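S.K.: First to last, the sequence lines map onto chains A and B.
Numbering follows the numbering used here, in which position 8 of the first sequence is assigned residue number 14; successive positions increment by one, without gaps.
Numbering follows the numbering used here, in which position 66 of the second sequence is assigned residue number 90; successive positions increment by one, without gaps.
These aren't lab readings, by the way, just hints derived from the structure by calculation.
No false leads were mixed into what you were given.
Every beta carbon over 10 Å from chain A, so not counted as near; a handful from chain B, in silico:
1) Arg41
2) Ile50
3) Ile79
4) Pro80
5) Gln232
For each label pair, taking beta carbons as the anchor points, the in silico distance ranges come out as:
6) Tyr113(B) / Arg253(A): 26 to 32 Å
7) Gln142(A) / Tyr113(B): 30 to 36 Å
8) Ser125(A) / Phe159(B): 52 to 58 Å
Computed from a predicted model, the values in this text were never measured in an experiment.
The beta-carbon is built from N, C-alpha and C at its ideal position, and this holds for glycine as well.
For reference, the chains in residue letters:
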Amino acid sequence: MLTVRDLRVTFPTDRGEFVAVRDVSFSLGRERLGIVGESGSGKSTTGRAIMGLLPPAARVQAAELSLGKTDLRGLAPRDYRHLRGKRMAMVLQDPRYALNPSISVGRQIAETHRMHLHSTRKAARLAALEMLEAVQIRDPQRVYDLYPHEVSGGMGQRAMIAMMLIADPEILIADEPTSALDVTVQLQILTILDDLVRSRGMGLILISHNLHLVASFCDRVLVMYAGRVVENCPARELSEARHPYTRGLLAALPSLTHRRAELPQLRRDPAWLTDEVAGT
Amino acid sequence: MIQLESLTVSYGSGAVRIDAARDVSIRVAEGEAFGLVGESGSGKSTVLRAIAGLIPEASGRIALAGETLGPKRTRALRKLVQMVFQDPYGSLHPEQTVDQILAEPVAIHRLGNADRRVAQALTEVGLGTEHRFRFPHQLSGGQRQRVAIARALILEPRILLLDEPTSALDVSVQAEILNLLTRLRRDHGLTMLMVSHDLAVIAHLCDQLAVMRGGEIVERTTADRLAVGETEHPYTAELLRSNEGFKRG
Numbered sequence: 007m008l009t010v011r012d013l014r015v016t017f018p019t020d021r022g023e024f025v026a027v028r029d030v031s032f033s034l035g036r037e038r039l040g041i042v043g044e045s046g047s048g049k050s051t052t053g054r055a056i057m058g059l060l061p062p063a064a065r066v067q068a069a070e071l072s073l074g075k076t077d078l079r080g081l082a083p084r085d086y087r088h089l090r091g092k093r094m095a096m097v098l099q100d101p102r103y104a105l106n107p108s109i110s111v112g113r114q115i116a117e118t119h120r121m122h123l124h125s126t127r128k129a130a131r132l133a134a135l136e137m138l139e140a141v142q143i144r145d146p147q148r149v150y151d152l153y154p155h156e157v158s159g160g161m162g163q164r165a166m167i168a169m170m171l172i173a174d175p176e177i178l179i180a181d182e183p184t185s186a187l188d189v190t191v192q193l194q195i196l197t198i199l200d201d202l203v204r205s206r207g208m209g210l211i212l213i214s215h216n217l218h219l220v221a222s223f224c225d226r227v228l229v230m231y232a233g234r235v236v237e238n239c240p241a242r243e244l245s246e247a248r249h250p251y252t253r254g255l256l257a258a259l260p261s262l263t264h265r266r267a268e269l270p271q272l273r274r275d276p277a278w279l280t281d282e283v284a285g286t
Numbered sequence: 025m026i027q028l029e030s031l032t033v034s035y036g037s038g039a040v041r042i043d044a045a046r047d048v049s050i051r052v053a054e055g056e057a058f059g060l061v062g063e064s065g066s067g068k069s070t071v072l073r074a075i076a077g078l079i080p081e082a083s084g085r086i087a088l089a090g091e092t093l094g095p096k097r098t099r100a101l102r103k104l105v106q107m108v109f110q111d112p113y114g115s116l117h118p119e120q121t122v123d124q125i126l127a128e129p130v131a132i133h134r135l136g137n138a139d140r141r142v143a144q145a146l147t148e149v150g151l152g153t154e155h156r157f158r159f160p161h162q163l164s165g166g167q168r169q170r171v172a173i174a175r176a177l178i179l180e181p182r183i184l185l186l187d188e189p190t191s192a193l194d195v196s197v198q199a200e201i202l203n204l205l206t207r208l209r210r211d212h213g214l215t216m217l218m219v220s221h222d223l224a225v226i227a228h229l230c231d232q233l234a235v236m237r238g239g240e241i242v243e244r245t246t247a248d249r250l251a252v253g254e255t256e257h258p259y260t261a262e263l264l265r266s267n268e269g270f271k272r273g
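So here's chain A without its partners, still in its complex pose (with noise of 0.2 Å):
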């Protein structure tokens, strides 16, 4: 569904130009990839790129940036406007910043609804409870016409994957989607989020600096270090990956069952700036 190759992303600086985001390249099918890598490390940029997102002063290149039959490069900010939405959608770490504060929750997941589907105020109100029960939330009547201060994280995050939801997007790419939820909310999220993408057959794109956690989501894994994929493996197999930012990262985690008095520390090689991808 969406293919990425040699992707770069450069931002002017007063020291010339910062390069985010280099030579990445991937395609994504009816799955759930998964992007790690710490801050800085591009991931973000990736999923905004694609989202069309970036600021206006970014330079986005790729020699192949297509969502089905559609080349995303180039794309005029009105055509972006339209695919947003409809066939791509990103859901943002934090609810409380992602959704409208003024405009009650219900409403704003409608307006996704009219303006894709060009559908009535009744049929746009009709669909939005639909989906607010499909992110299972208990009461979609009350919660409705809630205003985003009035829900909790976990529930805001649930309705902000309904907005996202509504028009039937082939990708979503979620951006540390539970980050900002507690650790036992985080997997309802996860798996509300797994059933939809699932029954719906869509490409899911999990971005996160949780190792475990994408390692346990998705089927397939790209670690980013300095704008680059240094890896890209399956998910079970992270636990052998190869390159050593990926092991050294994965060292660095304390662990409950095999406690240690001192961490490995990481020590970052200037080679993995040029090195060979590990794994493709």
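Given the coordinates of chain A, assemble chain B onto it according to the supplied hints.
M.R.: Just chain B now, kept in the frame of chain A:
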């Protein structure tokens, strides 16, 4: 070293009364590291803040180094216990250099020798003289957290309160900070009380821990018991499961 008896912190009264912490009792021996784990709103940070003297309304008994604390604290008591906060971006003054940030507590407590103390504190946390005259925005997240730890250490406290000290940091930086805390505890015989939502981080540093929920301690356990998956309260079991990642039903 730290003794809490029936610590209760409540806000409001009557129908709108909320107990942020209810009847919390813990004991931490000298040189020990004790962990409080829980989710947002569980009261874990409230307990820490009450010990630090940031919540004057707390009821119950708080004793540090054998001395029961009253509403007013002497300078010596304040020097005894220092705190490191979660967000190294928010807890350092943006317009002060590292040098100023570290020299201020020395001046307040009239310890003297500021120059030597600042240099020593920086070395202690693995920072060099090149960082001394920088502003917080010129440092990475991990370096900032090291400055925050140096600021706490410079008063030579015996108790360190840690409020999610690594949750704003990347995994590789978290490992560095956890190693630093392990070393400081060993070298200085510091007593530590750490709060986190991350069970694995708590169990890494602390042998003894308590699980909090809704302002109360629901289970007291040890890192060893968690390692073999032993839990008493269903909530602890749930936290333990969450720690293992996603499972497809």
